[in-house]
Amino acid sequence: MTDKIPTPKRQVAMVLDLNKCLGCHTCSVACKKLWNTDDGTDYSYWNNVETAPGKGFPAGWQEMGGGFDEDGQLKPGRIPDLETEYGRAWSFNHKNVLATDQTSKKKEWLRPKGDPKWGHNWDEDHGAGQYPQENHYFYLPRLCNHCERPGCLAACPRKAIYKREEDGIVLVDQDRCRGYRFCVEACPYKKVYFDYDRQVSSKCIFCMPRIEEGTAPACARQCPGRLRFVGYRDDKDGPIHKLVDQYKVAIPLHPDYGTSPNVFYVPPMSPPKLDNKVRPTGKMRIPMSYLESLFGDAVHGAMEALLAERAKRKQGQPSELMKLLIAYDWNKSFKLDEKNREAS
Amino acid sequence: MGATSKSTLTRRRFMQASGATALFAAGSVPLLHFSKAMAQPQKRATEKLKNWEDLYRQRWTWDSVAKGSHGWANCRSACEWDLYVKNGVVVREEQTATYAQSEEGVPDFNPRGCQKGACYTEVMYGPSRLTLPMKRVGPRGSGKWEKVSWEQAINEIAEKMIDVASEHGADTIYQDLGPNFENGPTTVGRFKFLFMTGGTFADNWAEIGDLNHGSSLTLGFAHTGGSSDEWFLSDYLCVWMMNPAVTQIADAHYLYEAKYDGAELCVIDPQYSATAIHADQWLPIETGTDAALGLAVARHIIESGNVDEAYVREQTDLPLLVRLDTGRFLRGEDVEEDGGESTLYVWHPEKNAIEIAPGCHGAETYLLTLDFEPPIDDRFEVQLKDGQTVKVATVGSILKEHLDPYTFEAVSRVTGLSVEMIEEFAEGFANAERPMILSSWGSNRYLHSDLMNRSKLLCLLLKGAIGKKGAGYQATGWVGLDGFGSELQVEYSGARGKIAMLMGLMTPGDIWDMTVDILSKKKTQEQATREGEIKYEEEVLCGTNVTSINYHHQGIKKELNKELSPHFPRSLEDYFLEAEEKGWDPALPRHGSPKIFFTGGSNLLRRSNLPQRMLENMWSKMELIVDINVKQSFTGMHSDYLLPAAGWYEKSGIKYAMSYVPYLHYCDAAVPPLGQSKDEYEIHWLLSEAIQRIAIERDTPEFDGCGKRPTDWKTLHTRYSNHGDLGPKDAEKLCDQIIEASKAAEGMSVATLKETGIAKYTATGDNVGPVHLYNPDWKGDGVLTTLTQFTTHKDRWPTYSGRLTTYIDHPWFMEAQETFATHKPSPKAGGDYPFRMVSCHSRWSIHSSWRDTPMLLRFQRGEPVMYLNPSDAEKLDIVDGDYAEFFNDYSTIQMRVKYSTMVRPGVSFYFHAWEPHQFPDHKSYKWLIPGLIKPLHLAGGYGQINHHVNIYQPGTAVQDTRCGIRAIDQSKVVGNQHETTQSNSEQRV
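Sequence order for the protein chains is A and B.
Here the working numbering is used: the first residue of the first sequence is 1, the next is one more, and so on.
Here the working numbering is used: the first residue of the second sequence is 1001, the next is one more, and so on.
If we strip away everything but chain A, and leave its shape as in the complex, we get (with noise of 0.2 Å):
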């Protein structure tokens, strides 16, 4: 069945530069607010920023199972629960508390109803290690990595999910899906959610009407951290090519599950581990294990790439590469063709 995935003509990509990250979750309000405000999609993000280490959204998606074992074939996984793993869309109570006696013993207080056990930025900032000597976190935004071996596709017996030729966006047909959900399981990054009002899967959509005009998914347009570039992995000029492909510092997330995704990181620097006597060693606070653990082999080229670079600068020589991350102008961060979409 995995066999069967044709190739786009062209594939559009997403790379994220996670030193730039701000944790400010702007990314999954411009999303949230454009696509998923209907009750049964409340809580789903199909745009989410996790801190890292931690459970994510939804909690333990990691272990979770879904994407491809070594021999191409679909491993089991499992549909996340919505009290504690994704987390509900809590309600609230600002009727009661603003409009009703509040000089009474039992006041109600705001709050969500019911008893949250989780949600999508539960663990915000938690983080991990000892403070002051090793303690540390980053922010990790993610969302459907429009893979070329999706394993959501694989898994539709409906055959409701396919990759758009032009552009290699990968779509749930809201039409054909009937809501079996195997293509929740089979995702491993969980980046497929169930709307349980209309009981059929959706996703992020890559902001396919965004793209056919030309302009940038809400989430990277919206970006203030201005760390998300956009563009086709097939253009030398682009971009994405130059991240990916030229200097290799964006490499994807989690290769080890088998999808080959289209959206890419550029791995976290961060300030030195300290010694038991606070004093700085030459190592970084977030283990290196811990970023082959998420990002596989190809963070340690990529981390020395982008140290080198940055090395440069600081010692008054150019850098290409650091030009291209700085951003200095920003609309250059996307290069998309405006297509003239078949006029409906």
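No wet-lab data here; the hints were simulated from the structure.
Please read these numbers as outputs of a predicted model, since none were measured by experiment.
Even glycine gets a Cβ: it sits at the ideal position worked out from N, Cα and C.
Check the hints yourself; a few may be wrong.
To be verified - Below are the DSSO-like pairs computed for lysine-lysine, each with C-alpha atoms no more than 30 Å apart in a straight line:
(1) B:Lys1754 with B:Lys1733
(2) A:Lys332 with B:Lys1972
(3) B:Lys1469 with A:Lys332
(4) B:Lys1469 with A:Lys107
What the hints assert, rightly or not - Just the calculated beta-carbon pair ranges, DEER-fashion:
(5) A:Asp237 with B:Phe1372: 54 to 64 Å
(6) B:Asp1574 with A:Gln315: 55 to 65 Å
(7) A:Asn276 with B:Phe1372: 27 to 37 Å
(8) A:Asn276 with B:Leu1876: 55 to 65 Å
(9) B:Lys1582 with A:Gln315: 54 to 64 Å
(10) A:Asp256 with B:Ser1749: 58 to 68 Å
(11) A:Asn276 with B:Glu1401: 55 to 65 Å
Given the coordinates of chain A, assemble chain B onto it according to the supplied hints.
Okay, now just chain B, sitting in the frame of chain A:
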């Protein structure tokens, strides 16, 4: 596995729902009600779709787009947005992102705008939005309201105001100045109304902990800093008591881009903050010991021979001579019969004699220019006018002695940083070409914050970095929109109004004297302007500060005196009495406590320290409290009238003019005000009209304001409306008048701003009010650098000595041993408890705006949380997410705990501005915080040390607070109603 839904919603229902989502996004059903027009979503049928993908394409559509911003948020950034309107509702917003690069080689500002701006629609259409005038019908805070007509509300408020002003005086009408204000017509309306009624304006800069006294003491003003793209040009960036990744989201990218460009990025913070995670050096400093670190760096700069001597001689007080017998400056009155008090001296090496210090107030001119090299590290003997010979020393030589104890080793013991770490930081700083320190408003919340900031500034001035492009001190500057200040004072539109205003303030003789002073270079133009402003504050404006009002009326005198007595030579009360006696403290209102409180630009009960005392002692004496607000706040809940203000996308406005992004940001009215809400300009128009009508009916006599200027309420509306030129719906017209009267907005108009949203400022504006950019050459081109008026043009600094100040010989400072910046330990406010309560501005709100917005609460934990290091929490047996009890001598409160390894052990860390009604028993952490007042900030009579809006006034320090923490039985949370799993199933999903 996984949740299932028994939803019976059909496909068709989804189609309908998707159209309605903008309005009822994720359950944000408005509390009071919406107008009916809002409730009907446009129906969409699948038949109209050609294929299923069109379903999504239809979502990215709109009927119209307007340019807007969040002008009324007290956010230090500014950003312009496209507001997408569909079916009469703003459905979403997206950054316009049309800023240009300031100059070649500097990254542009795009896209600007954070997650809060990206969902203001959720606040505007959210569950606490107000849309109808309401009147309290139960006791204050009872939550019992009735809907009333605008006419009834306005008339009742007007009647009551006349009653109270007749009985107690107009200066018992009270409003604090913000902090939610903008520079457009609605805030002009709010301030003009208060100004013309003769009520008391209380500045809250220092009370909210935002006033940089250290900067005022050193530079002569508090708000300084250029455009944020200047950060990119530094080679040694020190983020020191600031957290831009959280509080300056639109600008933070420049830090990391500067790092990519080769700059060293250092973050000094007890917490491993969101900014620190990307730093080259993170210095995990012990809370409240920053001055010690700064002084160690300063010592190292001197010791390693990295002082910029030419700069220091010319721009700073280091060459000034100080008498060693008295510790005071050598003054004209010491050495000459008719010598002046403000004549200060340096040593002239060629003449081997004292010489009047260029630029000092006793010098011939204000120019700092030197034609000799006065020593900065030497001692001499000088003969006084009485024949006595005294030893004098340069400030530089005393400073060197003063810094002597601040060795790396000694400072390591105080700060908890290793010697190696301090050395690396100091060495980098000393050798940098363009060191820059980012020190935000939040850096002013310790009792001794002024000492910390003076220390940082000392490092910079030794390096010659202040007033140098790509270097210096970034503490938030403002571009001056002088039209804002003038429009709230004028009584006629146009030039006639401005001339009348000026003539009311200055006699022709004053104007002549001022002109002569400027022409003869005795006074800089800015100095003359500022003297005019001081005169205005002293003789016209009923201005005071919130800290003083609270001290006198909140019932906290005894406690504050007890807290502060171990730390100063005299009692706080003693300092207050002397300040009042000498006229340094405005002491308003004159007769008793405030009787009428107008709120809406602020949330006083939410933000005040010890609000329990305020409710008990001040609130009970208020005869009328009116909240003019877009939404319900804690203060609003405890008011008498709620007047619904138009939402931020429903009225004309100008975002206040920060220098970070030197563009004017226009806020257009994308949609009409919701329900019966009205913009504040119109509300005050109606109020002034009613007051004038009733005052004429009653033949109300003139009030004497605050004793400075009489105010006749029988002409109140005539004056407010510029003698009838401005009607109730003329906010946009007034906006044009503000722009027209502002030098920094040349060529702009509302009509063009509606198209572009932004326009680059054309100058920095007058250096009045909070505006102190001091770059007369900047005309809108290039990075906005600051303070070149002193460093390039050589004008004197607005300080006592006319120079950058390290040494202060004001008697109070000498008595308290704060002549130089020094390290003093942080006191234990609230009692001797193990945890330091430390706060930061929030990522998720701008103060209490957005604080109760469901969409953003879901990005948090839905409730206030106290951040603890897991090692502390585990020792206390507190599970992540549980409620715990926080207590000290003032109160006990309950809130949830969140684990975070970013928090320093021993610190109880919170992001601020939660509404008290978000805590059990409606008691926030503010119930524990006394808010220490530094007595020296009541001082006056010494150049920059004088009570002044935005520059110098007493404030309250919250970061020195201590608390204890204990685990509690979760069933014992006050007022907790046990919730069953049933309540979960009631939810929609």
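Evaluated hints:
Taking the CA atoms of lysine 1754 (chain B) and lysine 1733 (chain B), the gap is about 13 Å. The hint holds against a cut of 30 Å. For the proposed pair lysine 332 (chain A) and lysine 1972 (chain B), the alpha carbon gap of about 57 Å is over 30 Å, so the pair is violated. Note on lysine 1469 (chain B) and lysine 332 (chain A): the hinted pairing holds, with a Cα-Cα distance of about 27 Å set against a maximum of 30 Å. The suggested pairing of lysine 1469 (chain B) with lysine 107 (chain A) is violated, with an alpha-carbon distance near 55 Å, which exceeds 30 Å.
Restraint check, aspartate 237 (chain A) to phenylalanine 1372 (chain B): a C-beta distance of roughly 60 Å satisfies the suggested window 54 to 64 Å. At roughly 58 Å, the beta carbons of aspartate 1574 (chain B) and glutamine 315 (chain A) sit within the given window of 55 to 65 Å. Evaluation of the 27 to 37 Å hint for asparagine 276 (chain A) and phenylalanine 1372 (chain B) yields a failure: the beta carbon distance comes to about 54 Å. A C-beta distance of roughly 25 Å is found between asparagine 276 (chain A) and leucine 1876 (chain B), which places it outside the suggested range of 55 to 65 Å.
A C-beta distance of roughly 58 Å is found between lysine 1582 (chain B) and glutamine 315 (chain A), which places it inside the suggested range of 54 to 64 Å. At roughly 59 Å, the beta-carbon separation of aspartate 256 (chain A) and serine 1749 (chain B) lies within the given 58 to 68 Å, and the hint holds. With their beta carbons about 36 Å apart, asparagine 276 (chain A) and glutamate 1401 (chain B) fall outside the hinted range of 55 to 65 Å.
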